[in-house]
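A.B. asks: Sequence:
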Amino acid sequence: MRKKITREDNFTYLLSSLIFLLFSGACIDEFISGYGQGIILLATIITMVIAIWSIRSTRYIFNTGIVLLSLAILTSLLIKFLNIKEFELIYISLLLLFFLLTLKPALEQALFSGRVTKNNIIGSICIYLLLGLI
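For reference, each letter of the sequence shown is one residue, going 0 to 133 in numbering that gives the first Met the number 0.
A couple of the hints might just be wrong.
To be verified - Pairwise CB distance ranges (calculated):
1) Leu76 <-> Leu110: 33 to 39 Å
2) Gly113 <-> Leu76: 41 to 47 Å
3) Val115 <-> Leu76: 39 to 45 Å
The hints are simulated quantities; they were obtained by calculation from the structure and are not laboratory data.
Even glycine gets a Cβ: it sits at the ideal position worked out from N, Cα and C.
Can you make the complete structure from the sequences, with help from the hints?
C.D. replies: The following block contains the structure:
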C-alpha cells in the first residue's frame with residue numbers, strides 16, 4: 000500500500016534526493032567524460048521531480064514547478080542529444096529559479112510551522128543544502 004506524503008514527512012524525500020544529487024556530482028570524476036554530464040542532468044531532473052512531489056504548498060507553486068521541470072527536461076535534451084552548448088546557461092538559470100522556488104515553501108514549512116518536529120529539523124537541513132546549491 001502506498002503511503003501518502005503529508006506535511007509531517009515531506010522533507011525526508013527531499014533530503015534524500017538532494018543528497019543523491021550532491022553525491023552523484025561528487026562521484027562524476029570516476030566516470031568516462033561522455034557519461035558525466037548525462038548523469039548530472041538525470042540526477043538533477045530526479046531531484047526536481049522529488050522536490051515538486053514532496054513540497055507542494057500551493058497550486059501556483061506546484062504548477063510553476065511542473066513548468067520549470069518541463070523546460071529543464073527539454074533544455075537538457077537539447078544539451079545532451081543535439082549537443083547545443085549554448086543552452087547550458089538557460090539550464091542553469093532554470094535550476095536557479097527552481098531551487099529558489101523550492102526554497103520558499105521549505106522555509107515556510109520548516110521554520111514557521113510552530114512546534115519543532117523531526118520533519119522541521121530535516122527541513123532545515125534541506126534548506127541548508129538548497130542554499131548550497133543556489
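A.B. asks: The structure should be examined with respect to each hint, and the outcome stated for every one.
C.D. replies: Do the hints match the structure? See the list:
no.	hint	verdict
1	Leu76 <-> Leu110: 33 to 39 Å	36 Å, holds
2	Gly113 <-> Leu76: 41 to 47 Å	43 Å, holds
3	Val115 <-> Leu76: 39 to 45 Å	42 Å, holds
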